[in-house]
Structure formats: structure tokens, C-alpha cells
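Student: As they're listed, the protein sequences go chains A and B.
Per this note's numbering, numbering of the first sequence is gapless, rising by one per residue and ending at 256.
Per this note's numbering, numbering of the second sequence is gapless, rising by one per residue and ending at 256.
Bear in mind the hints are in silico, worked out from the structure with no lab data behind them.
Treat the hints with care, since some could be wrong.
In the EDC-like style, the derived pairs of lysine to aspartate or glutamate whose C-alpha atoms are separated by at most 16 Å in a straight line are [unchecked claim]:
{"no.": "1", "chain 1": "A", "residue 1": "250", "chain 2": "B", "residue 2": "245"}
{"no.": "2", "chain 1": "A", "residue 1": "164", "chain 2": "A", "residue 2": "76"}
{"no.": "3", "chain 1": "B", "residue 1": "250", "chain 2": "A", "residue 2": "245"}
{"no.": "4", "chain 1": "B", "residue 1": "55", "chain 2": "B", "residue 2": "70"}
{"no.": "5", "chain 1": "A", "residue 1": "55", "chain 2": "B", "residue 2": "91"}
{"no.": "6", "chain 1": "B", "residue 1": "164", "chain 2": "B", "residue 2": "77"}
{"no.": "7", "chain 1": "B", "residue 1": "29", "chain 2": "B", "residue 2": "180"}
{"no.": "8", "chain 1": "B", "residue 1": "55", "chain 2": "A", "residue 2": "91"}
{"no.": "9", "chain 1": "A", "residue 1": "29", "chain 2": "A", "residue 2": "180"}
{"no.": "10", "chain 1": "A", "residue 1": "55", "chain 2": "A", "residue 2": "70"}
{"no.": "11", "chain 1": "B", "residue 1": "29", "chain 2": "B", "residue 2": "109"}
{"no.": "12", "chain 1": "A", "residue 1": "29", "chain 2": "A", "residue 2": "174"}
Please read these numbers as outputs of a predicted model, since none were measured by experiment.
There are 2 protein chains.
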Amino acid sequence: MSSSEKYDPRAFPPVAVTVDVVVFTIREKTLRVLLINRGVEPFRGEWALPGGFLKPDENLDEAAARELAEETGVTEESVYLEQLGSYGSPDRDPRMRVVTVAYWAICGDLPDPVGGGDAADAMLIPVSMIEQDEISLAFDHREIVRDALQRAMRSLESPLVAAKFCPPQFTISELRNVYEAAWNRSIDQGNFQRKIRANRMFMNVSAQIGASGPRGGRPASLWSIRDAGPDGEDADGSRDSEENEAVTRKGKARKR
Amino acid sequence: MSSSEKYDPRAFPPVAVTVDVVVFTIREKTLRVLLINRGVEPFRGEWALPGGFLKPDENLDEAAARELAEETGVTEESVYLEQLGSYGSPDRDPRMRVVTVAYWAICGDLPDPVGGGDAADAMLIPVSMIEQDEISLAFDHREIVRDALQRAMRSLESPLVAAKFCPPQFTISELRNVYEAAWNRSIDQGNFQRKIRANRMFMNVSAQIGASGPRGGRPASLWSIRDAGPDGEDADGSRDSEENEAVTRKGKARKR
DNA sequence: CCAAAAGTGTTTACCCTACACCCATGT
DNA sequence: ACATGGGTGTAGGGTAAACACTTTTGG
Numbered sequence: 001m002s003s004s005e006k007y008d009p010r011a012f013p014p015v016a017v018t019v020d021v022v023v024f025t026i027r028e029k030t031l032r033v034l035l036i037n038r039g040v041e042p043f044r045g046e047w048a049l050p051g052g053f054l055k056p057d058e059n060l061d062e063a064a065a066r067e068l069a070e071e072t073g074v075t076e077e078s079v080y081l082e083q084l085g086s087y088g089s090p091d092r093d094p095r096m097r098v099v100t101v102a103y104w105a106i107c108g109d110l111p112d113p114v115g116g117g118d119a120a121d122a123m124l125i126p127v128s129m130i131e132q133d134e135i136s137l138a139f140d141h142r143e144i145v146r147d148a149l150q151r152a153m154r155s156l157e158s159p160l161v162a163a164k165f166c167p168p169q170f171t172i173s174e175l176r177n178v179y180e181a182a183w184n185r186s187i188d189q190g191n192f193q194r195k196i197r198a199n200r201m202f203m204n205v206s207a208q209i210g211a212s213g214p215r216g217g218r219p220a221s222l223w224s225i226r227d228a229g230p231d232g233e234d235a236d237g238s239r240d241s242e243e244n245e246a247v248t249r250k251g252k253a254r255k256r
Numbered sequence: 001m002s003s004s005e006k007y008d009p010r011a012f013p014p015v016a017v018t019v020d021v022v023v024f025t026i027r028e029k030t031l032r033v034l035l036i037n038r039g040v041e042p043f044r045g046e047w048a049l050p051g052g053f054l055k056p057d058e059n060l061d062e063a064a065a066r067e068l069a070e071e072t073g074v075t076e077e078s079v080y081l082e083q084l085g086s087y088g089s090p091d092r093d094p095r096m097r098v099v100t101v102a103y104w105a106i107c108g109d110l111p112d113p114v115g116g117g118d119a120a121d122a123m124l125i126p127v128s129m130i131e132q133d134e135i136s137l138a139f140d141h142r143e144i145v146r147d148a149l150q151r152a153m154r155s156l157e158s159p160l161v162a163a164k165f166c167p168p169q170f171t172i173s174e175l176r177n178v179y180e181a182a183w184n185r186s187i188d189q190g191n192f193q194r195k196i197r198a199n200r201m202f203m204n205v206s207a208q209i210g211a212s213g214p215r216g217g218r219p220a221s222l223w224s225i226r227d228a229g230p231d232g233e234d235a236d237g238s239r240d241s242e243e244n245e246a247v248t249r250k251g252k253a254r255k256r
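All chains, please: the whole structure from these sequences, using the hints.
Tutor: Structure (C-alpha cells):
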């Protein structure tokens, strides 16, 4: 059989493939998910994840990036985007058999007035509302969001992922605020300081100094992610790729 | 739009959905992957992952379990099966647009004479041969196997997952052999012993005693995975769900 | 001077590695 | 008796949690 020989698509069970994206961001010290109010049937008027059909000439990652850009205006830069998994129960979409490939994303700088495409509206809902089932979602999107949340929480153990919630240059406190929002508990400031400073993937942008707080306080230095060199080698020639770089969740929760 | 209203499948890009499974097992102290020699075009005669088309009335997990059973005869019991991710480059299959949902599995008791369906033959290839590119695989299956391997290695940090390579009842050495095969290095026997004994998810089947080695040696006690109770409570009433249960890869590798 | 946030020092507890040592069995 | 593998004891190093303390700013 030559590669130009094609199958009749109707010989296979008709399946549509969509891509949905769980976009996380932080607003008002709270971890939130972007939801779109559906403007079309089915589930018209209900809240759903941004997403759409896979186009003929794009791969899955490209489709996810496109949907993310269409719905948020955010470009692929400064965004963490990763595949989560696929969902394909036979009856998950009343129209026809639809398998969706779910992605999850971190957007640090999400523009506030989101919305577009066929979406009548958009909102950033706290993840706690979804965890506690205080809102109903279209399709099986609640399950997808819960899985995404679980994955995101694990990925946050890497401070490099957590930094995606921050602007390109950030203070260590800003990074700490990401963890305090995601875990909803306080973190020892001093220990966190050391943890980040010890991590070779973070670089002190020593020239710049961040603004001090609204009611005073010592100004913090700015940091950024060290862009991986050609082979990940450090400046001093040492290469310890497998360090203890995770931020753990142990210890007692203190008042916030 | 009522839920009985259907879309015309041809209104969407024609996509076929398949399911592929990366089956890991251990043979001769070596971690191996099950490959099938393709009996049909495309890639006829080349090695590929077991898999097939998603059927109309099954969900993704069911399709993966079915393919696994068809190709290995192994039932869902005593098998660890988990979704890995989806692969959908537009040109990954020369016939038509195919999105595959990949799964990965651990089979402890894989029957030796595998094969069936449209497969002319089957083999268990050491993962090292795939890592070192010593064999060519059909489609993008090499990429899938590498991703599965990476995922499996991380999952092995949980000894409960590693135990899936063992029979329902096993000695601590048998479990240790799983790590030594997967990591290709030796592990301190005494420390490993303590690690497993300290893990409340493992239960000593005290009545039974495993056979001693071929050339003598103290017989080992048999262990099994504690089936999760209604709320995961321990016998003594304590409940420490978040323990240090991971098996880490640190320390120097000793001779095997 | 005081409040507030950044950053450093220090103590302590815990875990894990390495390795020594004893136990139980087959030959 | 000895080899072999099962199982325990234990000392040392490293890391991280907790918290005290110093530094630098705004009001």
C-alpha cells in the first residue's frame, strides 16, 4: 500500500476531536480558572472551558496554543502550556462522538477583559468554587478541571513552573505569593528566600531593584529564570542537574 | 437545539482515533516493552505498539484495556494501566488524520507466547535498545515509548506502582529486583527492607513464607498491597496519608 | 521612631545512606 | 562448616522547618 492510498473516513467510527484548555491565573491572591459562557448549543448559557475543534493541518499543541490565543489574546511567550490528557466517554457530547484533548496552562499576565469568538462572556472563577461544586460546568469539564488542578499542584513543586504566574522579572515575595495563593497557606519567608536563591535556575537581575511595599519595607531585588544554555551548563562549569529544587508543602500552616 | 439533533460528521475534519499501549514488563532482570510486528500496511513488517481504533461505544480506558487484553491475553486485574497522552501530528499516519491516545501499562505476569489479531509476531524488547535508537519503530511510536518510559520511571518512585511488576504476593527482594532492573543499579538491601516495611500500604502476609533461594538463604516473608479500606484508615486508627513513601534514586550505585 | 518587608543566622529534628552485624536456611 | 540471602542496628551527613535577628525602606 502506498502512502498516497487513503482510507475512506466513513469506514471508521465518526469521531470529532476537540482541544480544551484549563487556563490558571491568580487574581486577588486566589488561584482561578478561565471559563467561557457558551453562546451556542449544547449547554448554551452554561460555563465551559475554552476550546474548539482540531483543524486539519495543525498538531495538538498548535491547536491548544491557538485556542488559548483566540480566547485570551495571550501569545505563546510567557505562557506555560502542557497537555493534560484526553477524555472520550461515548456520551460526553450529545451531538456526536467527541474526543477532547485537554491542556492546562499558566498565564501570569492575563488581560482582564477576556472573551471573544462565539463566547458571550468570560470569567475567572476561583478553583475553590469548582472543588466545592458550587458551579456547574458543561460537558465533563468539571472532571477535566479537577484533573488539571491536581496536575498543576504537582507541577507547582517546581518553582520554575510557579514563576510562570509572575512577570518575566519578579521579586522572591511575588513568587512566594504564588504558593500562598495556590496552597492557601503561609510560607516561611526566610526559608523560601534561601530556597530560591539556592536554585541555580534563578538568576538575580542585580542591576534592577523592585519597588518597596506600599507602607515601606526594604526593596527586594529582581529575579528571572535563567534561560537554559546550549547544554544547561552553569557558569562555573559545574553541572548538578538533579538538585533538590522542589518546594515542598510540609510544615505547619501559619496564619496569613 | 435538542440533544437528539446530530451534527453531520463530514462537516468536521475527518479524524480517526486510535489507542496504543506501551506495555512494560521485566524479563531477565531487564525492563522491556511489548512490540508487535505489523502485518498490514502501512509500516508492514516493522515493529509497532499494540493498538487499534476506538470503537463507537467504548470510552478511552475501555479501549486501552481491550487492546491490552487482545494483544496479551492479560485481564484488567493485576495490571496497572494509565493514560499517557495523545499524539496527533497531521502526518503521523500516511493513510489519514489519526489522533492516538497512548496508554502505558505494567504487566507482571505477561504470558510468554504473545501475539494475535493482525500481528504476525510479537517481542519483548529491552527499553535500552529503544533509548539508544537500536531499533526503528513505526509511526511516531518511538517518541511515545520514550515518553512512556519517562512517565514510568517517575511513577516507579511509588513502590505501590513498582509492586505491579510482581505477583499479588511477593517478597521484598522481588520488589527490590524491580528497581534494580528499572534503574540498572543495585540498591542497599537493608535500607530498602526498612523502606517497604515502614510503608503502611504494604501488608505482611505473615502466615506464608516464601521459598528460600536456590543455594540457601533465609526464607523471606511474603507481602501484598493493602487493599484500600472504605476511608483508608489504618488498623490502629491512625491515618498518615502523606508519608515519605517514595523510593528515591540517590546514593552511589554499587556493583550488581 | 515605628511599621513593614527583605534578607541572614542558628538550632533542632528528621530522614536517608552506608555499612556492620546477626538470623535462618540449603548444600 | 560455609555460602547465601533475609533482616536489624547504628553512626554520620544533609536538608528543611521554625524562629530569632539584622537591614533597609516609607510614614
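Student: For every hint, state whether the structure bears it out.
Tutor: Hint-by-hint comparison with the structure:
| no. | hint | result |
| --- | --- | --- |
| 1 | 250(A) <-> 245(B) | 14 Å, holds |
| 2 | 164(A) <-> 76(A) | 12 Å, holds |
| 3 | 250(B) <-> 245(A) | 14 Å, holds |
| 4 | 55(B) <-> 70(B) | 14 Å, holds |
| 5 | 55(A) <-> 91(B) | 13 Å, holds |
| 6 | 164(B) <-> 77(B) | 10 Å, holds |
| 7 | 29(B) <-> 180(B) | 8 Å, holds |
| 8 | 55(B) <-> 91(A) | 13 Å, holds |
| 9 | 29(A) <-> 180(A) | 8 Å, holds |
| 10 | 55(A) <-> 70(A) | 14 Å, holds |
| 11 | 29(B) <-> 109(B) | 14 Å, holds |
| 12 | 29(A) <-> 174(A) | 11 Å, holds |
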